[in-house]
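Trainee: Model the full structure from these sequences, guided by the hints.
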Amino acid sequence: MKRIFLTLAILAVGVSSAMSQSLKTNTDDASDSGVSTLWIENGDRKIYGLLNRPASTQKRLPIVIVSHGFNGTHHSAQDYFGPLAELGYMTYAFDFPCGSVFSRSDPNTMNMSIVDEQSDLRAIVNYFRRQPYVDPQRIVLVGASQGGLVSALTAAQMRKEVNRLVLIYPALCIPDNWRERYPRLEDIPDTTRMWNVPMGRRFFKEVHDMKVFDRIPKFQKPVLIVQGDADAVVSMEDSRRAVKLYKDARLHVIPGAGHGFRPKERNEAIEQIKSFLK
1110 MKRIFLTLAI
1120 LAVGVSSAMS
1130 QSLKTNTDDA
1140 SDSGVSTLWI
1150 ENGDRKIYGL
1160 LNRPASTQKR
1170 LPIVIVSHGF
1180 NGTHHSAQDY
1190 FGPLAELGYM
1200 TYAFDFPCGS
1210 VFSRSDPNTM
1220 NMSIVDEQSD
1230 LRAIVNYFRR
1240 QPYVDPQRIV
1250 LVGASQGGLV
1260 SALTAAQMRK
1270 EVNRLVLIYP
1280 ALCIPDNWRE
1290 RYPRLEDIPD
1300 TTRMWNVPMG
1310 RRFFKEVHDM
1320 KVFDRIPKFQ
1330 KPVLIVQGDA
1340 DAVVSMEDSR
1350 RAVKLYKDAR
1360 LHVIPGAGHG
1370 FRPKERNEAI
1380 EQIKSFLK
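Residue numbers (the working numbering): 1110 to 1387.
One or more of the hints may lead you astray.
Using 27 angstroms as the maximum straight-line C-alpha spacing, the simulated DSSO-like pairs for lysine-lysine come out as follows [stated by the list, open to error]:
#	residue 1	residue 2
1	1353	1168
2	1387	1320
3	1314	1330
4	1383	1353
5	1387	1269
6	1327	1387
7	1327	1373
8	1383	1356
9	1356	1269
10	1383	1373
11	1320	1330
12	1373	1314
13	1387	1353
14	1356	1314
15	1314	1327
16	1155	1269
17	1155	1314
18	1269	1353
19	1269	1383
20	1383	1327
21	1327	1269
22	1168	1387
23	1320	1353
24	1356	1330
25	1373	1320
26	1330	1383
27	1373	1356
28	1387	1330
29	1327	1353
30	1168	1330
31	1327	1168
Quick list of simulated restraints, FRET-style, between CB atoms [stated by the list, open to error]:
#	residue 1	residue 2	range
32	1152	1241	22 to 28 angstroms
33	1380	1294	39 to 45 angstroms
34	1307	1187	47 to 53 angstroms
Quick caveat, the hints were computed from the structure, so don't treat them as lab data.
Even for Gly, the Cβ is constructed at its ideal location relative to N, Cα and C.
Mentor: Below, the structure written as structure tokens:
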């Protein structure tokens, strides 16, 4: 039962294309090298993020889109900027609207929703697919914890548009754990607090009957999962199960690492990602 209360209580360390457009607030062009602020619209939802673009003579570059975990922000993904730029990849790190009390997109966590986060991620993918500076054949999703669940589900929905998938201690167990906590829909209260972060009833209703392991194998391109064997929040068995279900996947286990990597463990994870993308 302890994992039920911890599953979402982790700070991240982790719908159609017509809906999304740029709302850049800085004066630099997004195709220039360096880091620029980039807002993307998904209907009436405005998504704040940072785009890092390496200096390159190539007209179109591959891009990694990083999804943070519960109550996280784009800050947790900035460690990827330099290492991925060395490989010639752009990186977009963003704040899910309602995904965190610190979100620059929308801090109202009472409206947090896995379904909405999938919609936002689809809008981001579709936005970049239309940009002249992006190679649409090389779009990679990286997700940590809850962002890993969202990335896995979105990759299954966009299996033609997404080229590769990286899951960092993915919380694939969220629906099962909350279904255990609230077995019946009528058991779900109007407000649930996780580490004093308020969440509305809708979040739990939407995941109640979600069958994650039936959905995610629809993505049949390469997948990398990185997790520590001391993770007390997300079971290693879920990651092992996912690896078996995916057509082309591998699991890298970091000895002694928990849910949220220390600097040395994070560097090891980044090296695995770099090797996976080369």
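Trainee: Now, for every hint given, state plainly whether the structure supports it.
Mentor: Okay, the hints, checked on the actual structure:
no.: 1; hint: 1353 to 1168; result: violated, 38 angstroms
no.: 2; hint: 1387 to 1320; result: violated, 32 angstroms
no.: 3; hint: 1314 to 1330; result: violated, 30 angstroms
no.: 4; hint: 1383 to 1353; result: holds, 23 angstroms
no.: 5; hint: 1387 to 1269; result: holds, 20 angstroms
no.: 6; hint: 1327 to 1387; result: holds, 24 angstroms
no.: 7; hint: 1327 to 1373; result: violated, 33 angstroms
no.: 8; hint: 1383 to 1356; result: holds, 21 angstroms
no.: 9; hint: 1356 to 1269; result: holds, 15 angstroms
no.: 10; hint: 1383 to 1373; result: holds, 15 angstroms
no.: 11; hint: 1320 to 1330; result: holds, 20 angstroms
no.: 12; hint: 1373 to 1314; result: violated, 38 angstroms
no.: 13; hint: 1387 to 1353; result: holds, 23 angstroms
no.: 14; hint: 1356 to 1314; result: violated, 30 angstroms
no.: 15; hint: 1314 to 1327; result: holds, 24 angstroms
no.: 16; hint: 1155 to 1269; result: holds, 25 angstroms
no.: 17; hint: 1155 to 1314; result: holds, 24 angstroms
no.: 18; hint: 1269 to 1353; result: holds, 21 angstroms
no.: 19; hint: 1269 to 1383; result: holds, 22 angstroms
no.: 20; hint: 1383 to 1327; result: holds, 24 angstroms
no.: 21; hint: 1327 to 1269; result: holds, 10 angstroms
no.: 22; hint: 1168 to 1387; result: holds, 19 angstroms
no.: 23; hint: 1320 to 1353; result: holds, 16 angstroms
no.: 24; hint: 1356 to 1330; result: holds, 7 angstroms
no.: 25; hint: 1373 to 1320; result: violated, 34 angstroms
no.: 26; hint: 1330 to 1383; result: holds, 17 angstroms
no.: 27; hint: 1373 to 1356; result: violated, 30 angstroms
no.: 28; hint: 1387 to 1330; result: holds, 15 angstroms
no.: 29; hint: 1327 to 1353; result: holds, 13 angstroms
no.: 30; hint: 1168 to 1330; result: holds, 25 angstroms
no.: 31; hint: 1327 to 1168; result: violated, 31 angstroms
no.: 32; hint: 1152 to 1241: 22 to 28 angstroms; result: holds, 24 angstroms
no.: 33; hint: 1380 to 1294: 39 to 45 angstroms; result: holds, 44 angstroms
no.: 34; hint: 1307 to 1187: 47 to 53 angstroms; result: violated, 27 angstroms
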